[in-house]
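Residue 469 is where the sequence shown ends in my numbering, and the numbering goes up by one at each step.
Worth flagging that the hints you see were computed from the coordinates, not collected in a lab.
One or more of the hints may lead you astray.
[Unchecked claim] Ranges of calculated distance between the beta carbons of each label pair, as one might list FRET restraints:
#	residue 1	residue 2	range
1	His375	Asp26	54 to 60 Å
2	Ala228	Ala252	23 to 29 Å
3	Arg367	Gly242	26 to 32 Å
4	Ala55	Gly282	18 to 24 Å
All residues carry an ideal CB built from backbone N, CA and C; glycine is no exception.
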Amino acid sequence: MTAPGTTVGVGVTTGATAEEVLSAVDAVLPAPEGPVRLATLDVRAAEPGVREAAARRGWLLTGHPAAALAAVPVPTPSARVAAAVGTASVAEAAALLGGGRLVVSKRVHGRVTVAVAVSPDVDDVDLRHHGDVEVAPGLVDLAVNVRADAPPPWLRTVLHEAVEASAGYPDPRPARAAVAAAHHRDPAEVLLTAGAAETFTLVARALRPRRAVVVHPSFTEPEAALRAAGHPVERLVLPGPGYRLDPAAVPADADLVVVGNPTNPTSVLHPAADLAALTRPGRVLLVDEAFADTVPGEPESLTGRSDLPGLLVVRSLTKTWGLAGLRVGYALGPADLVAALAAQQPHWPVSTPALAALAACLGPAARAEAEEVAHRLAEHRAALVAALPAGVQVVAEPRSSFLLLRVPGGAQVRQRLRDRGWAVRRGDTFPGLTSDHLRVAVRDPETSRAFASALAETLDPIDTTEEVR
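Taking the hints into account, I'd like the entire structure generated from these sequences.
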């Protein structure tokens, strides 16, 4: 359960200052219980006064498209506002889109209009919650999306030899060359990292985005890193059940956009052309491809697109090769951006065993083996889908090593599964999902059938009241 929260909907006239915004908010905001966030029309979220107001208080800032606001029933719509911006309400609709009930209807304070909604149950989420927290001794692990039977014997031999050679300082050159060759990139465009997640922290430290947008539901570490560095973050929450990205929904003036492909936890694979359309001069587009090698042929990968301005692709060896504990990752991007990120790293950021794994797993033979694993994974995913009991919805079109399920009474189901020896990943710590969402890793068919049987046993009878996020 997350803490109570408050969403302040804000409508502003062009040029309104941070002082005007905060004065209007402070005039109506009850003593907040839990986190506060500002919400407004997407084009108004770019106003310097609004952004500065959010930054001063450390509040999350969210911009919504006019069409999304127009669909929200409000107590005091305005025909004049509708004619001007395409929605009959900005402040009230934005407050209500944050969840909860309206406790302050719209109030006009000079050039700023505000409204307040309070949720007793949800507002923000625990961005630092990850699947490994769900795992405990004695549980079958379907909560972590890492290949269960890895690393393979040949890779263990590589790692053992690297440990024997660890008396000297790490030499990143062979690994960098292997990554560059695998993706047909210049070595200057390769950043080696201690796990793919390190890239998100480096981006947060190296860049000063004016308008950072993170596409959700998705892996939460990029937003967590940006917020920890003091950057206001806007969320673009994709609608279910398809969770497909519409490039037109991304604000045109966003100078940092983060999206996963395939996306964790939805398992959706976005078309490469849609992502490429988001690149432009003056913008960094960070595409998290940590699960790209789980898709046969990697058809939508952008790793080879050195022609796209500001494109930063993040990759991981964790998933296919079972190396979560080793922390092995890399990023590909323009040489100047890679250099700026590398400047934020300490000396020798990647260990000798991790570098050895990079060089070994990016070679032709290992990549061919990874392709075989991806094809086998697709077969195993189909077996899991086929085994699931009635009443369980597979959300979207899964393409990666996990499924997103929607199960009535998901919170109770998850606990009952634990009681039966199964760990699955809760969904309600992903922005845009609810407690009825569960993420389940794909395993071998025998394990999947046993899980499906246990899941069927948990569905009698369940309180299906959903915690709506």
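Between His375 and Asp26, does the C-beta distance stay in 54 to 60 Å?
This hint holds: roughly 59 Å between Cβ atoms.
Quick check on a hinted range of 23 to 29 Å for Ala228 and Ala252, using CB atoms only.
holds, 27 Å
Can you let me know if the beta-carbon spacing of Ala55 and Gly282 is within 18 to 24 Å?
holds, 20 Å
Status of the given 26 to 32 Å range, CB of Gly242 versus CB of Arg367
Distance hint for Arg367, Gly242 holds at roughly 31 Å.
Every hint from the earlier list agrees with this structure, and none is contradicted.
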